[in-house]
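Please put together the full structure from these sequences, using the hints given.
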Amino acid sequence: MIQWNKNTLENPNSIAQILPIAETEWNNRKKLYERIRRKATYSELVNENDSNIKVGFENYIHSMVTGYFSGKAPIYDVEKISDPTKLNIIKELLNKVFKVDNNKDEELKVLIDYISKYNDEATEFFNLAFDYFGMRACYEILYENDENEIVYTNQNTLNTIGIFDYSTPVNQIGQLRKWMEKDENNNDITIVQLTTINGKKYYTPTPEDTKKLKEIEDREEPGKWEMLPCIAIENEMGLSCFELVISLICAYERVIQNSRNTFQYNDDAKLKVTGYMPDEELLVSELDKENKPILNEDGTVKMKVNPLRKQRDEETLKMKVFYTPDEKGDISWVEKNIQDTALQNHKKTLIDLISIISGVPNITDLGFTNADNEVH
26 MIQWNKNTLE
36 NPNSIAQILP
46 IAETEWNNRK
56 KLYERIRRKA
66 TYSELVNEND
76 SNIKVGFENY
86 IHSMVTGYFS
96 GKAPIYDVEK
106 ISDPTKLNII
116 KELLNKVFKV
126 DNNKDEELKV
136 LIDYISKYND
146 EATEFFNLAF
156 DYFGMRACYE
166 ILYENDENEI
176 VYTNQNTLNT
186 IGIFDYSTPV
196 NQIGQLRKWM
206 EKDENNNDIT
216 IVQLTTINGK
226 KYYTPTPEDT
236 KKLKEIEDRE
246 EPGKWEMLPC
256 IAIENEMGLS
266 CFELVISLIC
276 AYERVIQNSR
286 NTFQYNDDAK
296 LKVTGYMPDE
306 ELLVSELDKE
316 NKPILNEDGT
326 VKMKVNPLRK
336 QRDEETLKMK
346 VFYTPDEKGD
356 ISWVEKNIQD
366 TALQNHKKTL
376 IDLISIISGV
386 PNITDLGFTN
396 ADNEVH
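Counting in my numbering, the sequence shown runs from 26 upward without gaps.
It is worth saying that the hints were derived from the structure and are not from the lab. Heads up, some of the hints might be wrong.
[Unchecked claim] Pair ranges (Cβ atoms, derived): (1) Leu-264 to Asn-38: 31 to 41 Å; (2) Asn-36 to Lys-249: 17 to 27 Å; (3) Tyr-191 to Val-280: 29 to 39 Å.
[Said to hold, decoys possible] Here are the simulated DSS-like cross-link-like pairs (lysine-lysine), alpha carbons at most 27 Å apart as the crow flies: (4) Lys-327 to Lys-79; (5) Lys-327 to Lys-317; (6) Lys-329 to Lys-295; (7) Lys-329 to Lys-343; (8) Lys-353 to Lys-343; (9) Lys-297 to Lys-345; (10) Lys-55 to Lys-297; (11) Lys-345 to Lys-31; (12) Lys-79 to Lys-372.
Note that the Cβ used here is the ideal one computed from N, Cα and C, for glycine as well.
The structure is reproduced here in structure tokens:
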């Protein structure tokens with residue numbers, strides 16, 4: 026949470042000081058967003074690098090939590106308004122006059138329905154929940170369109186942040202956004218937008234020092250309402266729905282990677298032959314063009330794998346029958362034993378811990394699938 030003095034907030038120097046703090050938070054949110062959307066390409070699936078194996082628990086947890094909390098659009102309860110302050114706000118926002126002695130609930134219900142019909146509340150609510158649970162914050166802004174209708178829409182969590190005062194409890198006093206755009210010379214310029222009760226102000230880095238900002242006065246938009254036209258909801262603990270289990274997810278992926286390593290090792294296992302010695306040596310001297318041994322820097326002869334030995338070994342592996350002259354001879358593959366039961370138990374333990382700590386049920390669990398709907 027960014028807190029600032031309300032009286033100095035709109036000063037370019039204040040915005041220049043706030044911006045690095047905001048960018049640190051935006052970078053953290055981008056990392057969370059990348060964990061939600063991380064995916065494996067086909068080349069990674071066939072690659073021998075086991076670190077490319079991804080198990081998207083983050084996406085599963087985030088989808089479950091978002092779906093649970095945003096499955097239905099908000100339902101509004103209408104109450105009779107008699108407070109003059111509230112009546113004045115309605116008059117200012119919607120140009121709608123209510124008489125205190127004739128304030129019917131039905132009128133407010135019709136008004137809410139009127140606003141709702143051109144605002145896709147279900148999608149809006151889902152987008153807010155998506156951002157909040159995945160990137161620990163969500164933002165919304167209200168504005169009046171050309172047809173004098175009140176429209177609300179969510180703002181990108183990756184470049185928006187709220188600013189609050191020092192009161193108890195805190196009050197939001199502004200909302201900051203940053204983006205890149207092209208100027209009249211087709212150059213990339215940074216634009217910082219600050220929304221307060223006074224309207225919208227725009228800032229850009231100074232040519233002399235990019236760490237300092239100057240106000241773009243011709244883009245200023247004065248406020249039309251005597252209220253802040255934006256909402257910031259930020260997680261007080263600074264946690265997304267899956268951050269507490271990232272280490273467990275990494276541990277689960279490591280188990281999968283180790284299992285794949287073991288299976289890969291056994292697929293490429295070496296053949297062990299006892300009681301038989303090949304005719305060709307494994308290593309031979311590396312020779313130059315004059316068939317003289319090449320020496321290393323320490324004076325020793327440089328060795329290489331004997332191509333004849335390699336050819337004989339490959340031929341041996343292709344043979345359907347192989348004989349060992351020694352009566353104690355034996356042929357077998359050098360393999361790693363896989364403790365499948367222990368491995369599966371370990372994986373199940375990790376899944377259970379991920380479910381418990383994240384608060385998201387494992388829907389493949391037998392106890393969950395056999396439960397009644399009421400238990401769900």
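Non-conforming hints, listed in increasing numerical order: As far as the earlier hints go, 3, 4, 10, 11 are violated by this structure, in ascending order.
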